[in-house]
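Chemist: Now for the letters of each chain:
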Amino acid sequence: AQSVTQPDIHITVSEGASLELRCNYSYGATPYLFWYVQSPGQGLQLLLKYFSGDTLVQGIKGFEAEFKRSQSSFNLRKPSVHWSDAAEYFCAVEVNKLIFGAGTRLAVHP
Amino acid sequence: IAGITQAPTSQILAAGRRMTLRCTQDMRHNAMYWYRQDLGLGLRLIHYSNTAGTTGKGEVPDGYSVSRANTDDFPLTLASAVPSQTSVYFCASSGQTSGSNEQFFGPGTRLTVL
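Residue numbers (the numbering used here), protein chains in the order written: chain A, 75 to 184; chain B, 12 to 125.
Quick caveat, the hints were computed from the structure, so don't treat them as lab data.
You may find that some hints are simply not true.
Claimed, not checked - Heads up, simulated DSS-like pairs for lysine-lysine below, C-alpha to C-alpha not over 27 Å straight-line: (1) B:K68 to A:K142; (2) A:K123 to A:K142; (3) A:K135 to B:K68; (4) A:K123 to A:K171; (5) A:K142 to A:K171; (6) A:K123 to A:K135.
Said to hold, decoys possible - Here are the computed distance ranges between Cβ atoms for each label pair: (7) B:A18 to A:S100: 31 to 39 Å; (8) A:G102 to B:R33: 34 to 42 Å; (9) A:R96 to B:S78: 34 to 42 Å.
Backbone N, C-alpha and C define an ideal beta-carbon position, used for all residues, glycine too.
Okay, chain A solo, but in the shape it has when bound (with noise of 0.2 Å):
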């Protein structure tokens, strides 16, 4: 069965460092991938989304992901994070439906 996995439960980092959030995603071919944001008590908002072509993909907010065919992953990064970046993170692919991962929590320490 298709399945997204991001293992990393929660992330801190401190305001100006980098930041690379982990996503892997089980399916036969490439899917369509996604990458969303939950600020606290909000609904998603899109990041970024790969369908085809290019493998690094941009963004809102300064963010890109990366998709890697040969790792089955496609990584979310920032090269420097910003206080108001602090929120839960979900990657998400489509097969037929969309299929979220667990979340990954992100802290910024000031």
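Dock chain B against chain A, hints included.
Modeler: Coordinates of chain B only, in the frame set by chain A:
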């Protein structure tokens, strides 16, 4: 309005009571979805509707029902609420963008069943 609205924002409900969560979108999207979000489990699909007049079961449909009488509205009903249905519920909708169903989410309804 622009986007998806959900009502109520939060609700405390006695077990055994009937409850309908409302969802309305004004983007003329064909597809709509209901998810529940539980700690450590991410979002799980309850029911979906690909177009008005049709519905389908998701990953966790038991205890829930939906209807899709028109394009804009997609209510979720708990016929007899149980404590395990305590969760945050999100409605979402999607059109067809670049061959994929990019979904737009509502702000959520926090439901507590006692």
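Chemist: Taking only the CA atoms, is the gap from K135 (chain A) to K68 (chain B) under or equal to 27 Å?
Modeler: violated, 35 Å
Chemist: Please work out if K123 (chain A) and K171 (chain A) have their alpha carbons no farther apart than 27 Å.
Modeler: Distance ~15 Å between K123 (chain A) and K171 (chain A) Cα, so the pair holds.
Chemist: Would you check the hint for K123 (chain A) and K142 (chain A), treating anything up to 27 Å between C-alpha atoms as holding?
Modeler: holds, 14 Å
Chemist: Please work out if K142 (chain A) and K171 (chain A) have their alpha carbons no farther apart than 27 Å.
Modeler: Between K142 (chain A) and K171 (chain A) the Cα gap is close to 21 Å, so the pair holds against 27 Å.
Chemist: Given the hint that K123 (chain A) pairs with K135 (chain A), test it: the Cα-Cα distance must not exceed 27 Å.
Modeler: holds, 14 Å
Chemist: Just to be sure I understand the hint, the distance between the Cβ atoms of R96 (chain A) and S78 (chain B) should be within 34 to 42 Å; is that true here?
Modeler: Check passed, 39 Å falls within 34 to 42 Å.
Chemist: The hint says 31 to 39 Å between A18 (chain B) and S100 (chain A); measuring C-beta to C-beta, is that right?
Modeler: Since the Cβ atoms of A18 (chain B) and S100 (chain A) sit about 37 Å apart, the hinted range of 31 to 39 Å holds.
Chemist: Quick one: are G102 (chain A) and R33 (chain B) within 34 to 42 Å, going by C-beta?
Modeler: Given a distance of about 38 Å, which is inside 34 to 42 Å, the answer is holds.
Chemist: Could you grab the alpha-carbon distance between K68 (chain B) and K142 (chain A) and see if it respects the 27 Å cut-off?
Modeler: Not OK: K68 (chain B) and K142 (chain A) at ~32 Å, beyond 27 Å, violated.
Figure legend: structure checked against the earlier numbered hints; hints not met, in rising order: 1 and 3.
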